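Residue numbers (the numbering used here), protein chains in the order written: chain L, 1 to 847; chain P, 1 to 532.
Fair warning: there could be bad hints in the mix.
[What the hints assert, rightly or not] No more than 30 Å apart at the CA atoms, straight line, and that leaves these computed lysine-lysine pairs for DSS-like:
no.	chain 1	residue 1	chain 2	residue 2
1	P	Lys264	L	Lys27
2	L	Lys582	P	Lys49
3	L	Lys805	P	Lys49
4	P	Lys71	L	Lys590
5	P	Lys49	L	Lys830
6	L	Lys818	L	Lys830
7	P	Lys48	L	Lys404
8	P	Lys196	L	Lys99
9	L	Lys677	P	Lys49
10	P	Lys78	P	Lys118
11	L	Lys537	P	Lys71
12	P	Lys140	L	Lys27
13	P	Lys34	L	Lys537
14	L	Lys830	P	Lys78
15	P	Lys264	L	Lys35
16	P	Lys71	L	Lys652
17	P	Lys140	L	Lys35
18	L	Lys830	P	Lys48
19	P	Lys48	L	Lys805
20	L	Lys35	P	Lys257
21	P	Lys384	L	Lys382
22	P	Lys397	P	Lys464
23	L	Lys590	P	Lys48
24	L	Lys166	P	Lys177
25	P	Lys71	L	Lys830
26	P	Lys48	L	Lys582
27	P	Lys87	L	Lys805
28	P	Lys34	L	Lys582
29	L	Lys677	P	Lys51
30	P	Lys177	L	Lys35
31	P	Lys249	L	Lys35
32	P	Lys34	L	Lys529
33	L	Lys537	P	Lys49
34	L	Lys404	P	Lys49
35	L	Lys413	L	Lys326
[What the hints assert, rightly or not] Derived coverage of chain P by chain L (criterion: at least 3 residues anywhere in the stretch with Cβ under 8 Å from a Cβ of chain L; other residues may be distant):
no.	stretch
36	13-24
37	27-36
38	141-153
Keep in mind the hints are simulated off the structure, nothing from the lab.
For clarity, every value in this text was computed on a predicted model and none was experimentally measured.
Every residue, glycine too, gets a C-beta built ideally from N, C-alpha and C.
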Amino acid sequence: MVVVYGALIKALNIMIYCALVYLIGRKSYRQPVNKSIILYLLMLIAWQFTSLMVSIYSYQGRPDLVLQWYQLQTPTIAGYFILFYAVITTFRYDYERMKLCRLGYFIILAIAILSLAWGNLFLPAVQSHPTGLYVPEFGPLIPILGMISFSYLGLAFYDLWRDYRKSTYTKVRTQQEYLLLGVFLVFFASTLNFIDQLQGFPLEAVFVSLQAIIIFYAVFYHQLIDLKLFIRTGLSYLILVAIIIASLVLSIIVISMRMFDFAGYAALFTSLVLITFLLLWFTPTRKKLQSGFDNIFSPEQANLYKILEEITTFQETVLPMQSLFKKVQQLCHKYFDINPVYFLIKNISDNNFVLWQYCDGEEGNVFMTINEDHPLTDILRKSQEPLFLSDVMIHPMIKGLWAKELEDLVSMKLEAFFPMRVKDELIGFLCIPSRGDTIPFRYSFLRSMHLFVSHIAVYIKNALLHEQNVQLSITDTLTGAYNRRMLENIFERETQRSNFPMSLIMTDIRNFKYFNDHYGHQAGDRVLKEVASFLNKCIRSNDLVIRYGGDEFIIFMPGTDERKAQMVAERIQDSLEDWNRKMGLTGEDKIMLKLGTCTMEEGSLDDLIYEADQQLLEIQKSMDKQELYTIYDSSVREKRKISKQMVLALVKSVELRDTYTYGHSERVKDYALQIAKKASLFGPQLEVLADAAILHDIGKIAVPQEILQKKEPLTEDDTRLIQLHPVVGADILAEVQIFEEISNIVRHHHERYDGDCFAFPPAYPGNLKGENIPLLTRILSLADAFDAMTTSRPYRDSLTMNMVKDILEQEAGKQFDKELTMLLISMIDKNELWMPEESESPDVRGI
Amino acid sequence: MEVTARQLFQENRQDEIWDHYCNFLELSTDEAMKIQYRLLEEQLSVLKKSKLGQELLAGMTSDSIEEFRSKVPFTTYKDYAHYLLEKNEDDLPGDAFYWVHTSGRSGEYRHKWVPYTKRFWERAGRYVIASLIFGSAGKKGEVVLEPGDTIFFTLAPRPYMSGALMVDSVLHHFPFKFLPPPEIAEEMDFFDRIEKGLQMSLTEGIDVFYGIASILLSIGKHFEGGSTDRKKNLGSLLMSPRALARLIKGMIVSRRKKRGILPKDIWNPKVLAMGGMDCDIFRDKVIHYWGGNPIEGYASTEAGVTAVQTWNRSGNVLIPDQNFLEFIPFAEHLRSKEDPGYIPRTVTMDQLQENEIYEIVITNFLGGPFVRYRLGDLVKVTAKEDPAIGVCLPHIKFYSRADDLIDLAGFTRLTELTIWRAIENSGISYNDWVVKKETDQETPVLNIYLDASGKLSKEEAEEKIHQKLAELDSDYSDVEKMLNLKPLKVTFLPEGAFQRYIQKKRAEGVDLARLKPYRMNPSSDTIKTLLE
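Let's have the full structure, built from the sequences with the hints guiding it.
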């Protein structure tokens with residue numbers, strides 16, 4: 001019977017191997033690992049086939065044929081060991097070791113030839129065995145064959161073990177564990193051959209098949225069951241089943257011995273009672289057993305139960321976020337030996353993720369914000385399972401990562417991300433830091449951690465909602481800035497801390513009414529939101545932006561003196577122009593802010609606000625006084641626009657007459673504005689300056705074209721005519737009501753700062769000098785001269801930048817305002833001056 | 001942080017290679033566009049910090065991509081020459097990690113130098129590996145390449161982009177074995193290198209062939225013809241059992257099939273990777289000689305790898321993370337050619353239309369210097385996606401050099417590929433050819449200068465090529481039908497004209513890339529030299 005069962009098992013093995021070959025071939029028979037496994041399986045088929053034939057002929061009682069098949073089997077056994085080693089080597093891609101495999105192939109070939117020609121050297125005869133199978137006698141070459149085979153097996157074990165110790169990847173490590181189990185099984189199966197009583201039983205074949213299935217499983221499955229978990233569960237259930245069977249057997253014996261008198265219904269009833277009792281008794285026993293095994297094989301699993309018991313205490317109250325983070329961190333440290341842990345929490349307001357870590361103290365430590373469009377956000381959001389950083393890095397969307405972002409991601413040194421979900425909503429991730437080159441996390445640990453994180457998600461969600469409510473109570477819903485309540489709270493807190501001096505900037509949107517009137521109230525709301533966001537970008541980390549009411553905002557700066565507050569105010573004013581440009585707001589659509597600053601060493605919040613408010617009023621008055629900040633009504637604007645267009649046409653006509661200065665006004669405007677901005681001028685001052693720059697040469701209309709284009713030196717009369725152009729221009733502009741102010745700037749734009757009428761170039765008569773020349777005129781004068789020097793003229797080529805700088809340095813404080821000139825030189829040096837290209841004159845372009 | 005195949009093999013993570021190198025195929029067009037915009041945003045911020053970038057982006061006032069596409073002008077190498085020819089590294093947007101060069105078409109510059117940043121360099125190498133993986137794969141996820149695989153490499157040496165990328169970057173990623181080793185190969189003449197490579201591959205085998213199709217073809221012909229050199233070398237081959245075994249195997253296969261020995265009888269390359277437009281022309285012959293279906297790609301020195309072919313050998317899949325890709329529709333391209341002042345409109349990857357022709361415009365990512373750079377290539381969109389292999393990205397095919405289109409009486413625009421295919425299909429035995437558009441009595445004529453090797457009259461040759469051209473290009477056949485004009489003329493060159501031309505140029509010390517004359521509209525001097 002043993003022979004028959006043995007034959008059946010071998011036939012079954014062959015079928016299993018064929019199925020495995022088919023499955024691998026269908027996946028890919030060309031991949032090197034697959035190819036080597038297929039070869040290994042083919043060798044197993046050959047071995048099992050010869051073994052099957054041995055069984056068949058043993059059953060038929062044909063020792064001669066049995067011997068022949070045994071001899072044929074000899075190379076397949078050695079081949080099995082060598083090809084198993086080849087599988088391990090190909091899996092490891094160790095090409096040095098491949099040479100040993102090639103040597104092995106020659107050995108297989110040599111053994112095959114030897115066993116065909118001189119089979120007696122391996123197996124000279126067969127003997128009958130009590131199982132009915134004929135067993136072979138070993139010849140002189142069998143020990144050598146054994147040595148070779150075991151050497152290859154030993155090498156396979158050595159190589160795998162060496163890799164296993166170095167391996168830092170969970171998946172690879174688990175694969176290696178399975179392959180090591182495969183090696184062990186082969187070794188175990190081989191030793192069975194030496195036990196005489198087991199000769200004839202197909203145990204070896206069973207183990208080898210098991211090994212083949214394990215190899216297949218290890219190489220082709222991506223999500224391998226943790227081997228420890230596998231063993232633990234297996235052992236646990238094995239012992240449990242054994243105990244149950246033993247208990248049942250015992251009960252039956254007891255019933256039959258003791259309850260014999262109560263046969264029939266009574267016996268049945270007793271049995272039921274006993275079984276019920278046993279089942280009740282087994283549940284705690286099983287739990288205890290399970291817990292015992294967990295403690296031995298999977299401490300993480302054991303810890304999970306404890307940790308889950310602990311987190312049930314969270315239900316008692318809604319914990320603030322920081323307390324919750326602290327608790328979770330403590331639990332992870334206590335039960336999983338992980339410290340610290342990080343929390344990547346999704347912001348409810350903007351869907352961005354924020355990376356937190358609990359730190360001792362009140363505030364959490366925010367490491368970084370990962371924006372909604374960050375590839376990591378995309379990847380994490382779709383993930384249901386724990387993710388390793390290595391998984392993240394092979395996601396195709398990660399290709400969109402910036403160099404800096406990649407650097408940040410790597411510097412975070414996170415290894416695994418555990419999603420926290422409540423129903424389908426992603427709350428965030430619990431992140432575990434990388435442990436460097438130490439042993440990687442086991443799957444069983446990851447599973448426990450994943451379960452733990454799933455449980456805490458709901459508490460995090462509650463904490464988030466709680467925080468959101470708190471936030472809502474102190475936030476202005478329209479702009480997202482803080483509200484007055486927050487200001488009062490913070491002021492009180494800071495006063496208690498005596499965090500003086502405290503400063504406050506009060507700001508309102510000067511032209512807010514304009515947006516509401518022209519674009520509707522929704523546009524007005526948008527402006528408020530944008531301004532709040534702009535102010536938030538300009539402030540320091542300890543400052544607060546508060547919407548005070550209407551279009552007024554307050555920037556509260558605890559522990560800030562007047563100078564620092566002023567610096568913040570200046571930064572806001574400086575950034576405003578750029579910000580407007582980035583927002584695409586130009587001309588009258590530019591958002592303009594008025595800023596009032598106040599600092600105090602003591603006092604109440606009302607005092608502080610009152611002071612800042614007064615400052616703001618002062619500024620408003622001063623603006624009104626200068627008439628620079630006139631808020632135009634629509635009809636004035638329209639008139640101004642038309643007049644401007646007319647005068648621009650005039651300017652064009654002037655420029656067309658002087659081809660060499662074509663585009664000059666436009667360039668002067670660009671330079672003047674850049675200098676003005678650098679000199680911290682803003683808002684309407686810039687608009688006035690821009691207009692003045694465009695119109696400054698309008699007086700050339702009175703200069704004959706031949707003089708303008710003259711290449712020879714100018715006569716005295718010519719010079720006089722040209723020197724008249726500021727006056728003529730100013731007179732023309734003075735006729736237009738809206739250009740009156742510009743008229744004054746144009747009139748003096750050729751004044752020398754030192755007022756020296758005999759210097760060269762001479763001042764055009766105006767009798768003004770130094771600070772008496774309006775600031776805008778001084779800027780215009782500098783810009784005008786700069787453009788003249790940097791562009792070609794009929795009588796000379798453009799000067800080099802070094803020459804220009806030299807001249808500017810020489811004329812600083814003489815022809816030009818010294819401070820402004822130095823400012824311009826520093827802009828040139830720092831490469832901050834944007835220089836428009838010199839336009840081609842109309843005739844050059846052939847118009 | 002980006003892991004190389006070399007590392008993955010070392011860490012036994014070889015089953016991740018496909019994901020690391022080929023996962024871009026999983027992207028949808030929307031996702032690819034997201035990557036395009038993100039990386040462009042990064043590139044703009046990098047450009048703004050450099051002198052070159054500031055110069056190129058002078059018209060931009062914000063960071064918006066719309067403004068970038070509408071305000072920043074198209075560029076050519078001329079716009080970069082000052083920075084790149086003198087290697088002014090301080091003015092570039094990214095740190096130059098590797099300088100490669102190309103000879104350029106116009107010959108205006110001896111070499112057009114191009115800097116690659118480390119990221120750009122590694123990314124380009126990654127896509128070369130992806131291309132080789134695709135070339136060897138029979139299906140999705142299959143990685144047949146393994147460490148120690150041999151590469152028979154016949155492209156230009158370092159610092160030409162093809163040589164530099166292949167040798168240094170690819171070796172950084174994958175432990176290939178080069179035949180002959182690059183250090184030795186670069187000391188040798190191009191043809192000696194091939195000879196040496198062939199000899200070595202008899203012993204070592206060929207796992208990857210990387211070169212131009214004509215080399216593969218000439219090796220095939222060489223074998224089919226039964227070269228006497230081979231017989232001469234037989235003695236030395238006896239010293240190498242592996243070479244001998246390979247030859248014996250080849251001889252057995254060829255005897256069994258009753259034909260001459262072919263390369264495919266001796267070698268069984270995993271990948272035949274080919275560059276150049278002859279790939280399509282010679283595909284069938286290469287398959288006949290070598291057994292494998294060659295893979296192609298679309299790359300350039302300025303843009304790195306722009307598109308790669310996958311395992312099913314359909315068009316080249318566009319790569320989203322090396323360059324910001326813009327495409328000028330063909331009509332716009334023509335208009336801009338006629339009126340250089342006209343600024344053509346561009347479309348992005350997600351707006352491409354199937355079967356349409358576009359001129360390709362690139363902006364380097366990852367710190368590269370080129371901004372809205374006109375590569376001068378026309379490509380045809382063969383498909384917007386390939387559901388058969390589950391790829392959702394657009395597929396393109398090289399169509400022509402923008403300057404190489406020959407316009408015939410406004411009826412048709414012939415490409416080099418069309419003319420070459422017509423000559424090839426005509427069955428005329430030829431060594432090489434050039435074509436020039438000439439006028440004969442105010443009539444446009446397509447004059448093909450042919451170095452033919454068989455006995456054939458001029459009229460016969462003209463008729464044969466004319467017929468094939470008409471078959472391949474219906475618009476061409478309309479020229480005859482509607483104008484009653486046969487615009488084709490064949491001029492036979494003296495036999496070996498091209499060989500002599502190459503020798504002459506080599507003697508003059510001309511750069512490797514300019515040894516051969518341009519086929520489309522070469523200069524009159526070139527024609528004159530060929531006719532000598």
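Taking the hints in turn, this is what the structure says about them:
1. Lys264(P) / Lys27(L): holds (26 Å)
2. Lys582(L) / Lys49(P): Holds, at about 18 Å.
3. Lys805(L) / Lys49(P): holds (24 Å)
4. Lys71(P) / Lys590(L): holds (22 Å)
5. Lys49(P) / Lys830(L): holds (13 Å)
6. Lys818(L) / Lys830(L): Holds, at roughly 18 Å.
7. Lys48(P) / Lys404(L): The given pair, whose Cα atoms are some 16 Å apart, holds under the 30 Å limit.
8. Lys196(P) / Lys99(L): Holds: Lys196(P) and Lys99(L) sit about 26 Å apart, inside 30 Å.
9. Lys677(L) / Lys49(P): holds (21 Å)
10. Lys78(P) / Lys118(P): The hint holds at about 24 Å.
11. Lys537(L) / Lys71(P): holds (28 Å)
12. Lys140(P) / Lys27(L): The hint holds at about 10 Å.
13. Lys34(P) / Lys537(L): Answer holds: Lys34(P) to Lys537(L) is near 26 Å, not above 30 Å.
14. Lys830(L) / Lys78(P): Cα-Cα ~27 Å, so holds.
15. Lys264(P) / Lys35(L): Measuring from Cα to Cα gives roughly 21 Å; hence the hint holds.
16. Lys71(P) / Lys652(L): holds (25 Å)
17. Lys140(P) / Lys35(L): holds (17 Å)
18. Lys830(L) / Lys48(P): holds (15 Å)
19. Lys48(P) / Lys805(L): Measuring from Cα to Cα gives roughly 25 Å; hence the hint holds.
20. Lys35(L) / Lys257(P): Given that 30 Å is the threshold and the Cα spacing comes to 28 Å, the pair holds.
21. Lys384(P) / Lys382(L): holds (26 Å)
22. Lys397(P) / Lys464(P): Holds, at roughly 27 Å.
23. Lys590(L) / Lys48(P): holds (25 Å)
24. Lys166(L) / Lys177(P): Between Lys166(L) and Lys177(P) the Cα gap is close to 27 Å, so the pair holds against 30 Å.
25. Lys71(P) / Lys830(L): holds (26 Å)
26. Lys48(P) / Lys582(L): Roughly 15 Å between the alpha carbons, so the hint for Lys48(P) and Lys582(L) holds.
27. Lys87(P) / Lys805(L): holds (29 Å)
28. Lys34(P) / Lys582(L): holds (22 Å)
29. Lys677(L) / Lys51(P): Holds, because 23 Å separates the two Cα atoms, which is no more than 30 Å.
30. Lys177(P) / Lys35(L): Cα-Cα ~21 Å, so holds.
31. Lys249(P) / Lys35(L): With a Cα-Cα distance of about 21 Å, the restraint between Lys249(P) and Lys35(L) holds, given a limit of 30 Å.
32. Lys34(P) / Lys529(L): With a Cα-Cα distance of about 27 Å, the restraint between Lys34(P) and Lys529(L) holds, given a limit of 30 Å.
33. Lys537(L) / Lys49(P): holds (22 Å)
34. Lys404(L) / Lys49(P): Within the cut-off at roughly 15 Å; holds.
35. Lys413(L) / Lys326(L): holds (20 Å)
36. 13-24: Coverage by chain L holds for the stretch 13-24 of chain P (8 residues, Cβ < 8 Å).
37. 27-36: Since three or more residues must qualify, the claim that chain L covers the stretch 27-36 of chain P holds, with 4 doing so at under 8 Å.
38. 141-153: It holds, with 7 qualifying residues against the three required.
In the structure shown, no violation is registered for any of the earlier numbered hints.
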